[in-house]
Amino acid sequence: MAPKESLVLLVDVGPLMHGVLTEIETFCSMLVQKKLIYSKTDEVGIVFFGTEDTNNELEVEVGGYEHVFVQRKIEVVNGHMVEDLQNLPRGTTFGDFMDAIVVGMDMLIKKYGPTNKGKQRLCLITDARHPIKDPDEGTKEDQVDTISSMMKARGVRMDCLIVREKLDGNANKSIVDENDRLLNHFSRRTIAKTIFVGRSASLSGAVRTRNISPVTIYRGDLELSPAMKIKVWVYKKTSQERLPTLKKYSDKAPPTDKFATHEVKVDFEYKSIEDPNKVVPPEQRIKGYRYGPQVVPISLNEWEAVRFKPDKSVKLLGFTDASNIMRHYYMKEVNVFIPEPGNSRAILAVSALARAMKEMNKVAILRCVWRNGQGSVVVGVLSPNISSQENIPDSFYFNVLPFAEDIREFQFPSFSSFPSSLQPTVEQQEAADNLVKMLDLKPSGGEEALLPDFTPNPVLMRFYHVLELKSRNPDADVPPVDRCLKRILEPDSELLSQNKPTIDKFGSQFELKENPKKKKSSKRHWRDRLLTSNDDGETAKDDMSEIRNSNVTNDSSAVKVDKIGNSTPVQDFNAMMARRDSPEWISRAFREMKNYINDILENSYEGDTFLKAVDCLEALRRGCILEQEPKEFNQFLFDLYEKWKNTDLVSFFELVSSKNITLISKTEAEDSDIMDDEAKIFLPKSKPPPQ
Amino acid sequence: MDIDPEDLFRDSDDSDDEFLQEREPSKEFVVYLVDASPKMFLPASKEVGKGKTHFHVAISCISQSLKTQIINRSYDEVSICFFNTREKKNLQDLSGVYVFDVMDREFLDRPTARLIKEFDNVEETFMKEIGSQYGINADARENSLYNALWVAQALLRKGSIKTSAKRMLMFTNEDDPFGKIVGAAKADMIRTTLQRAKDAQDLGISFELLPLSMPDDEFNVSRFYADMIGLEGNEVTQFLPSAGEKLEDMTDQLRKRMFKKRKVKGITFFIANGISIEVNSYALIRPTLPGAITWLDSVTNLPLKSERSFICADTGALLQEPAKLVFPYKSKNIKFSTEELSELKRVSSGHLRLLGFKPLSCLKDYHNLRPSTFIFPSDEEIIGSTRIFIALHCSMLRLGRFALAFYGSSSHPQMVALVAQEEITSSSGQVEPPGMHMIYLPYSDDIRHVEEYHRVDNDAAPQATEDQIKKASVLLKRINLKEFSVCQFANPALQRHYGILQALALDEDEMPEIKDETLPDEEALSRPGIANAIEEFKVAVYGENYEEESKAAATKTSGPAARKRKVMAETAVKECANYDWPDLAENGKLKERTVVELKFYLTAHSLPVSGKKEDLISRILTHMGK
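Protein sequences appear in the order of chains G and A.
Per UniProt numbering, numbering through the first sequence is continuous, rising by one, with the last residue being 691.
Per UniProt numbering, numbering through the second sequence is continuous, rising by one, with the last residue being 626.
Chain G extracted, bound-state conformation:
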């Protein structure tokens, strides 16, 4: 089988690149890894340039081409390549990207000759900050022309990734401009794409690392009216890429069995509810649909006869102002409508409509049935996508809109109806304005940070990373979240520190308080909140850290859950028990509660604290059963009784007994050595009151 795609990676490892090589390592190894997973037959060659050494055939054959090092000739993708790319050499000379391109082309030509046309790709990664050599004859532009016509003839595509963290003063502007011009010249002349990457974090998202051949979901007419139709092809523009599905693994086979498949078969059986042992065979099953409490049975044929069957078509309902369709009504993954390739009339018609829509700020509403037999229609909005490149035709984006049934008309109070205590003051509003202005991810003239198009999915990145780790060491642990992924998950610390005064101002303008009334239920969340609001370190992991938020003022004495207060002892106790950040809290809660009960009993006057004490005792008992610590409670109750049985506090125990608070018996907690009947007779009911 011919390889699907062959790719030659041309990586600049010269001195100026050293700062970003770590990210390039991640990117390149990811690229090869994805090939290992999704297209195992692809072929890959690896070339470094800017290296001390030279290793390429052209140098041997014709001379020149120094500091271009062919690490791997083109071969079927394999695991060693991942390792090569994860350990890029640090080069010592300034590489010449034009030499590298020629070497890459030479490799492709020698390997495939005229075959495999249209499936070859060069991927150049450089900062293009160093001048390239003048060619032996003609200008640099001529050289580009020669190479690009060669590339075109062989159907070689090229992706140029220009990585520049920041342009520092050292960089010679004229050189950079010349290089950019040359590279852009490539884009115009060939099937090349040049992408400038400012932050190395977006590198991983910049180039398509997985080849998905697009499949149309519809080919046919876009019907403006029965008299006017435009031929279009519809594709998916966005489609959520999920974690690949993993197979289930069975370790039941004996280790000696060399041929074990370790596969797991999944079996479905349908059983009658009345008789769980009776398996109902498939032919005896019939589909039913729920309608309120009823389930309406209906056979496939019956259903087929009556169900909704619209014809395949895409029809225009009309145009409307773009402002009529609010952004949040977009329902699904987006489609793109492309005029039928090669049909210049369709291209013109789409172009005219799209440009008119853009000018007038209009969108079109369509009714779509993508294929025959589809059980539903889709109503959606078509918005223009004016092409920025002259060799790409204009097209439309299509977003699905909701039907009446899909909308829940919940009513919310107007912000203006809120009392002034909930409204921001002029100063507060100003602080908020400043925050929104300053935490800017798209500075004017600057590059947009975290553009979705350049932002990789951190979960997938982690999956591929762990996969590689585990392929080397099956017992490898899942590592903490990578630093470079943090840039997607958390605000840029540089941006934050630059705007520290604004943020501090914002923080000082607003006061946040925990609501004491809701304390009980929220305690757990509240603690999470305090912990995770710490921006440094691994928020997901270090649950144990005890960082308090300076911005939050605790307005109730009992807010701190590390001790039991007088106002809501039972809640405090429960909250402490619920703390999962350290096992120590449990024992501390027990201790605190016992002290508390002792205290209030001692301070009681004519039994005024008895009810409260009983509540506490009950809570303690529940807690001890929950934690299976019966002795904690039994011993305590016993001591309590011993201590006060001969005082007037003995009436407290009558109350305890009447509330059915007994010792914890063996049936309630395994560790108890009190039998059920013993538990009940312990308390004073059976004993005569001292008098």
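Think of the hints as simulated: they come from the structure by calculation, not from any bench.
Remember, it's a predicted structure, so these values are computed and weren't measured experimentally.
Here a beta-carbon is modelled for each residue, glycine too, at the ideal position from N, C-alpha and C.
Wrong hints could be hidden among the right ones.
Among chain G residues calculated to face chain A with C-beta under 8 Å, some are [unchecked claim]:
(1) S239
(2) N361
(3) P443
(4) G445
(5) G446
Here are a few chain A residues that sit away from chain G, every Cβ distance over 10 Å (derived from the structure) [stated by the list, open to error]:
(6) T53
(7) G356
(8) L399
(9) V486
(10) Y542
(11) V573
(12) K599
(13) K613
Following the hints, put chain A in place on chain G, whose structure we already have.
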């Protein structure tokens, strides 16, 4: 392995875990209390010739709500209770109160197909069977309002307050129910009624009033009901919906207020530097799908329970849910435990974390994956949240920016855009609530560059000329949907689905005809003005002789795939002639032929070639008429 790059067939069953979460654990019990006094039957608007009454408004609101409920929230239970009636029907045998019900149903129960159907006709038979009369008269000793509250409260005794929400919704246009009584009797009646209402509220039953205003006499909540529902000060003015001019608007407003907001979950929103606020998320837009299929035993019509079992392929042993999962990589099987997988997915703490702000123009039309989620602030746990939220909301609107944030949910950690939405109101009430919409953004992995795939080689792609664009603009102006609103269409597939189910559930023979509102208005499109604009545009972009040329082109050039298909069909016809099909079929020898051979026959007769061998054979037999 899940590599289905097309994703084509996942269109409709694309339900994410997170979206299922909104299925609330609690159910809701609702008693609708409908005033049936003669006043409710007076014409409700001054528009001449429209005999619509407030009673009708109330009935249609409830009817619509029941229809939504049976589809979306069929586990909730409902009871419809008229008061100020002539007849009585209730467990307490109190006069003036009539609980409407149908066969096979308790007074407070899940809505059934029959209930909906009969309730739709209740207006026709109401006067005859239930009747209307003033319950509270000057000389009357009965207090029908009190009775109604009593009956409703008794009905709502069902279910635990912990696991369910209990509500009474009252429709009335009488703002002063005890106006006709004087003296001590009046004070007494007011007192007992208020007490009854308070008792109900103490039991955790919420009481909501849906007041209907008379055309020339606005409903005055403060006359009586403010005390009953416990309104104070300026809340009273807020409470009354802006009295609508039109009756339709009133229906709309009431219908919206009948919904109880259900939040999906509370989220902590980290803003910066330790400042975090509390917001609640709501699912305002979610696709409503036909309910899931339940498998039934065709003999007994009882539902079946499906049981999944895992079997080890090597030993045949029955397994528990396997703890290890594998993924093939570098010709090895890489093992993962489920804990490792969830650890891997846990990249963030499950909250919303602000990353920064961008101008709205950065949010492209293709930056979308799923329906958005609405967020609204709450001071329930952190006081001051609302204030910060309002301030940011206001700044974002004014500066035309959206917030970029990372939402670390456990199932789909994702970048999101928070777009501030200003409140929009119309005569029919709130159209867009104020708050922010959380739009789920794609990653680079999710975006496909299809446009580039079809770039035009060699030279530039054709671009429309000024004149062509102008013609298109004329067309745009002609076919303008001025009043288009996003949710104006009912889903025809869903309407039909439930129409059929209702008919089957009630054993009706007639299948309902459902109008497909989504079809274009062909009549309007053929009007001369529009037809001309279309024609002119067509000539401008396609040229004069398009029809003939395209016909000629269609016969001449067909794509490589089509050509291949043609060749295949030709060979199939040729090959097909080599067999004596009737003979093979007659002697049952078809099954001895290979699938390839069978397909010759099918292709030659342009029949589908999909399916298993048995399917192919049966298709051939059917085609031969056997």
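Could you tell me which of the numbered hints above are not met by this structure, giving the numbers in increasing order?
Violated hints (numbers, rising): 2, 3, 4, 5, 7, 8, 9 and 10; every other hint is consistent with the structure.
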